[in-house]
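Engineer: Next come the chains, spelled out residue by residue.
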Amino acid sequence: MDATLLLGLYRQMALCRRFEEAAAKAYSQGKVSGFLHLYIGQEAVAVGAISAAERTDYIVATYREHAHYLARTGDARGAMAELYGKASGCSGGRGGSMHLFDAAHRMLGGWAIVGGHVPIAAGVAFASKYRDEKDVTLCFFGDGTANMGAFHEGLALAGLWKLPVVFICENNQYAMGTPLYRTLAVEDVAVRARGYPMKSEIVNGDDVLEMREAVRHAINRARRESKPFFIEAKTYRFRGHSVADPGKYRSKEELQKWMERDPIRVLAERIQKLSIATEEQLHAFDDEAKAQVQDAVEFAERAPVPDPATVGEYVYA
Amino acid sequence: MPEPRVLSFREALREAMVEEMERDPSIFLMGEEVGHYNGAYKVSEGMLERFGERRVIDTPIAETGFAGVGVGAAMVGLRPIIEFMTWNFSLVAADQLINNAAKLRYMSNGQFRLPIVFRGPGGAAHALAAQHSQALEALYAHVPGLKVVLPSTPADGKGLLKAAIRDDNPIVFIESEVMYALKGEVPDGEHVVPLGVADVKRPGRDVTIVAWSKMVHTALKAAETLAGEGIEAEVLDLRTLRPLDERALLESVARTHRCVIVQEGWPFAGIAAELITLIVEKTFDDLDAPPERITNLDVPMPYARNLENEVLPSAERVTTAVRKMLGHPEPSRRPAVAGTGR
Chain A
2 MDATLLLGLY RQMALCRRFE EAAAKAYSQG KVSGFLHLYI GQEAVAVGAI
52 SAAERTDYIV ATYREHAHYL ARTGDARGAM AELYGKASGC SGGRGGSMHL
102 FDAAHRMLGG WAIVGGHVPI AAGVAFASKY RDEKDVTLCF FGDGTANMGA
152 FHEGLALAGL WKLPVVFICE NNQYAMGTPL YRTLAVEDVA VRARGYPMKS
202 EIVNGDDVLE MREAVRHAIN RARRESKPFF IEAKTYRFRG HSVADPGKYR
252 SKEELQKWME RDPIRVLAER IQKLSIATEE QLHAFDDEAK AQVQDAVEFA
302 ERAPVPDPAT VGEYVYA
Chain B
403 MPEPRVLSFR EALREAMVEE MERDPSIFLM GEEVGHYNGA YKVSEGMLER
453 FGERRVIDTP IAETGFAGVG VGAAMVGLRP IIEFMTWNFS LVAADQLINN
503 AAKLRYMSNG QFRLPIVFRG PGGAAHALAA QHSQALEALY AHVPGLKVVL
553 PSTPADGKGL LKAAIRDDNP IVFIESEVMY ALKGEVPDGE HVVPLGVADV
603 KRPGRDVTIV AWSKMVHTAL KAAETLAGEG IEAEVLDLRT LRPLDERALL
653 ESVARTHRCV IVQEGWPFAG IAAELITLIV EKTFDDLDAP PERITNLDVP
703 MPYARNLENE VLPSAERVTT AVRKMLGHPE PSRRPAVAGT GR
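Chains as they are written, first to last, in the working numbering: chain A, 2 to 318; chain B, 403 to 744.
Derived by calculation from the structure, the hints in this document are not laboratory data.
Bear in mind that the values here come from a model prediction, so they are computed numbers and not experimental data.
Do not rely on the hints blindly, as some may be mistaken.
[As the list claims (entries may be wrong)] Derived lysine to any residue pairs resembling SDA-like cross-links, with alpha carbons at most 20 Å apart:
| hint | chain 1 | residue 1 | chain 2 | residue 2 |
| --- | --- | --- | --- | --- |
| 1 | A | K228 | B | E455 |
| 2 | A | K163 | B | I463 |
| 3 | B | K726 | B | I633 |
[To be verified] Covered by chain A, according to a simulated footprint, are these stretches of chain B (three or more residues, beta-carbon under 8 Å):
| hint | stretch |
| --- | --- |
| 4 | 499-507 |
| 5 | 543-555 |
[Said to hold, decoys possible] Cβ-Cβ distance ranges computed for the label pairs, FRET-style:
| hint | chain 1 | residue 1 | chain 2 | residue 2 | range |
| --- | --- | --- | --- | --- | --- |
| 6 | B | D460 | A | V316 | 31 to 37 Å |
| 7 | B | V701 | A | R195 | 43 to 49 Å |
| 8 | A | A318 | B | L680 | 21 to 27 Å |
| 9 | B | K684 | A | R56 | 50 to 56 Å |
| 10 | A | A186 | B | G591 | 53 to 59 Å |
| 11 | A | Q282 | B | D460 | 56 to 62 Å |
Note that CB positions come from ideal geometry on N, CA and C, so glycine has one too.
Go ahead and model the full structure; you've got the sequences and the hints to work with.
Structural biologist: So this is what it looks like as structure tokens:
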């Protein structure tokens, strides 16, 4: 087992977790506004998937995309400043938590109307194929997307035109506050991929290595054969839909059960079992992540707000 | 001097696309029936043969899907032309236009350009009933981030479409189904009409009649009738609603002191309402009469031809409004001529 890889994944997941804890705190202090959708508990999905991609592969994500942004860019300052609505934020304070963009790193959002970005991801993959470039597009979305028309149209076109895109369904069991069994007539979202047609795989989304391996396989296939792939990652969000949601629609027992497979703890145990690092060393990595997040918070606090005179900029090119 | 070339509106639009696609390999055309069927309205006739399936792409009936594919492709540098068979069908893709295309540049703080043209016919044709007869320009012009273009002649069709394709913003380009066969002189080759510049289609001094798309022809017909009564109406073709050529509008109205807006589409919260607000805000003291608007009646489009004619603006409604505004009497109706059957 590659020690550097495992420790790298651990540090990234720790950064995501600490980042969001700090964001929630800043929200409770009134320093972050709007909607804040936390990814806590799902970190293995984004981190595992994005670690399997080349830096030139594209990422298209939803409004719950802090971890995707961090996994791709490592830029905690830019993300935190964006949440603070500051000019130094990665979207200049015009986007907020739901619209994190970094064109240079091919982080293409940050889309907040459920489903609409699925055809967009197909379009990015279409462009790669059109130009005969070998880049693959990763498209992340939740289980709640699986009933949207845009989801089906995006998959239909990707299947029809054999586009190099990997669809990654982050099945966290709830479409906002409604459990999957009340919104989805099938047990697994993945079965929906069959008809388009595209291959699919169901993965334990709380196991970062399993996630990484599945996505690596899917990306390779997409790159080599220009074919879409569908991955359903079973996972769970430990917090509410947004910070405004106390999550009363689920039992403590259920939450407890899922928290036992906390992806960061699972990875920590594996790392220790393999004698790659000790508990103390992992704590040190955690402290490192905390320090990076603290730096990002301080950066965001200090950063200037956007100049009101610029409010009309970037409506048009 | 070369012979003036006469093309139909659809040929002029096709010429714009063909010339641009030959110039720039990043441009492609995508939509329902654009390829093998040669276009539902034959605008893209022959383009598949010319450019092949890679660049002239037939889609399933999945507007939100292929409009979204266009947005994604434009985000990373291609220049898609997305054809809606009619703009009525764009409503199922409104999420892509309004939530995504119009917002991307702003919410990413200018990190992306979105050079994409959505085009197709809009407005009423003949007896197509409520779901196929909508003039939706007001809806899209409401949205900052979109540009909205509506040509009225073959020459403008070519020149504006070329400008739209070269523009780095999402463009709503609304053609008119009943104008596709309209003929007119069209310059050969490089003929680009800049977006945001209105055009006086007929000069006049007594009243400004403002219109766009096929209502320009209704306005011209009204102006012709009025000329016979000694009223010189100016017909101003806005050509683009966003960006709006505010200066041309205000200058013309300030000069004629009177204004009638002819708008296909519903009156409530329509373009005419916006234009009149603008005129009242900025050139009130120049007005000799309250501005008027001639619009669709405020109902869904009925199927029956006689009812449809009731709903749509007509040259007669325009001339009546102008005469009233100028205090001219209605011309007395001549008695029916025996033998014509009318």
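Engineer: Which earlier hints can't be squared with this structure?
Structural biologist: none
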